[in-house]
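Taken in order, these protein sequences are the chains called A and G. Taking the numbering used here, the leading residue of the first sequence gets 1, the next gets one more, and so forth. Taking the numbering used here, the leading residue of the second sequence gets 245, the next gets one more, and so forth.
Rather than coming from a laboratory, the hints here were simulated on the basis of the structure. Here a beta-carbon is modelled for each residue, glycine too, at the ideal position from N, C-alpha and C. There may be inaccurate statements among the hints.
[Unchecked claim] Listed next, the stretches of chain G that the computed footprint assigns to chain A, with coverage defined by at least 3 CB atoms under 8 Å from CB atoms of chain A:
1) 344-358
2) 366-377
3) 381-392
[Unchecked claim] Have a look at the derived ranges for each label pair, beta carbon to beta carbon:
4) A:R55 - G:P370: 24 to 34 Å
5) G:E419 - A:Q67: 37 to 47 Å
6) A:E159 - G:E419: 32 to 42 Å
7) G:R343 - A:Q67: 33 to 43 Å
8) A:R55 - G:N381: 30 to 40 Å
9) G:N381 - A:E104: 20 to 30 Å
10) G:A266 - A:L64: 17 to 27 Å
11) G:A360 - A:G109: 30 to 40 Å
12) A:A70 - G:A360: 50 to 60 Å
13) A:V162 - G:D276: 34 to 44 Å
14) G:D276 - A:M217: 26 to 36 Å
15) G:E404 - A:L142: 45 to 55 Å
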Amino acid sequence: MGLASALIGLAGAAYVAMPAGTLNSVLARDTDREPTHVAAFALREKPVTRGEFRRFLQAHAEWLPGQAPAVFASPGYLRQGLEGGDDDAPVTEVSWFAAQAYCEAEVPGGRLPTWYEWEYAAAADATRTDARGDPVWLARILGWYARPAGRALPQVGGEPNVYGVRDLHGLVWEWVDDFNALLVNGDSRSAEDPDKLRFCGAGAIDLQDRQNYAVLMRVALLSSLNAADSTGSLGFRCAHEVPR
Amino acid sequence: MIKTMKRWALAAWLCLAGAALALPGDSVYQLDAKLTDQRGQAIKLDSARGQPVLVSMFYTSCQFVCPMLIDAARDTQAALPEAERRQVKVLLISFDPARDTPAKLEAMARERGLDASQWTLARTDPATVRKIAALLNFQYRALPDGGFNHSAELILLDGEGRVAARTSMLAGADERMVGAIRKQLAAQRR
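Same shape as in the complex, but just chain A (with noise of 0.2 Å):
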């Protein structure tokens, strides 16, 4: 059973099988340094593309910008379009919202993956399902967040990772369900912490791994976002539960 077997069709979107495993997240608070149990899941192999929404918003006219409500969608949603440019770069400029109501309506069961599943599958590269401790890999994905912002985006389909999904560094910034639950503490180093009332239980999460900027920066970028917003390198993925 080779990886291509791992991927399964659905609706013409390919899904690739994650196995279950372990992850030492960069996401790791005071008391809980054990690494992150994630269940086997299914994981879209590339973003969802212009096309792709464009044949959503056919189907789904109350996702259309204008029709979309505010609560939902925010004034930047969609604001480029879709008409023209590359049916097959990845779609961006959607919110929260309606990423989730793509997924939804994709696969049954569909939604976004959660933080720790893309990044389990973000941390892999084409040989390792754990590259993070290579520094040349680490610096070649962080070199694409030093790429000038303001071009159109390339086509999806890069170079899969060791479980065959692509794309995950150097093409969009992605939406995860839980971005609202990352609760980054803006000051790590402090051991006292300043907003210990607005939180029940055990304060904010810590950032354990400071040496995957690449990473950090999409916590921080996902922590500074509402559900309605959406930026022009911001695009998504979907994924699916598989049978336990």
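Model the placement of chain G on the given structure of chain A, informed by the hints.
What follows is chain G alone, placed relative to chain A:
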């Protein structure tokens, strides 16, 4: 006279357009969310549409902030003139659908003396919890010990489900919140 005509015009328009279509775009009631209350009855997120609602999110096994949330909501009601107290509903939605069954919610309502005509403790499926939290700008994360990290705020929704005020002051009644509720009730009477 003009006021009456305006009302007629509005009523006629509502009949034509349908009440659901008249919901403003920035209303959290745009989310068609199905919940279950502490009596086991199916309710919608907009069950209290037409009157102001204090809404928050919590879970019953929470030891520290969540009891304070309930106290703060109660103190806020108590700070209103007696005639206005019954006109403000409270809706508390659980982060913890796996454990917060209607029976658990009912037990908490009984323990805290929360009158079901005014207080709704509700649960829904995990995906809907995430959506409601996203709409209300609530952050929450499940912890390995079964608890949750979460922000704690009281949010006032106006009759149409728009966020009219929010406070993270949970010790006693926040005067600004009390003022915002009174403003909503006064606007409703006009």
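Hints, one by one, checked against the model:
1. 344-358: violated (count 0)
2. 366-377: holds (count 4)
3. 381-392: Check passed, 9 qualifying residues.
4. A:R55 - G:P370: 24 to 34 Å: holds, 28 Å
5. G:E419 - A:Q67: 37 to 47 Å: holds, 40 Å
6. A:E159 - G:E419: 32 to 42 Å: Between A:E159 and G:E419, where Cβ atoms are some 59 Å apart, the hint is violated.
7. G:R343 - A:Q67: 33 to 43 Å: About 38 Å separates the Cβ atoms of G:R343 and A:Q67, which means 33 to 43 Å holds.
8. A:R55 - G:N381: 30 to 40 Å: Because 32 Å falls inside the window, the suggested range holds.
9. G:N381 - A:E104: 20 to 30 Å: Holds, since G:N381 and A:E104 (Cβ atoms, about 22 Å apart) stay within the stated range.
10. G:A266 - A:L64: 17 to 27 Å: holds, 20 Å
11. G:A360 - A:G109: 30 to 40 Å: Given a distance of about 34 Å, which is inside 30 to 40 Å, the answer is holds.
12. A:A70 - G:A360: 50 to 60 Å: Between A:A70 and G:A360, where Cβ atoms are some 33 Å apart, the hint is violated.
13. A:V162 - G:D276: 34 to 44 Å: holds, 41 Å
14. G:D276 - A:M217: 26 to 36 Å: holds, 35 Å
15. G:E404 - A:L142: 45 to 55 Å: holds, 47 Å
In this structure, the earlier hints numbered 1, 6, 12 are contradicted, and the remaining ones agree with it.
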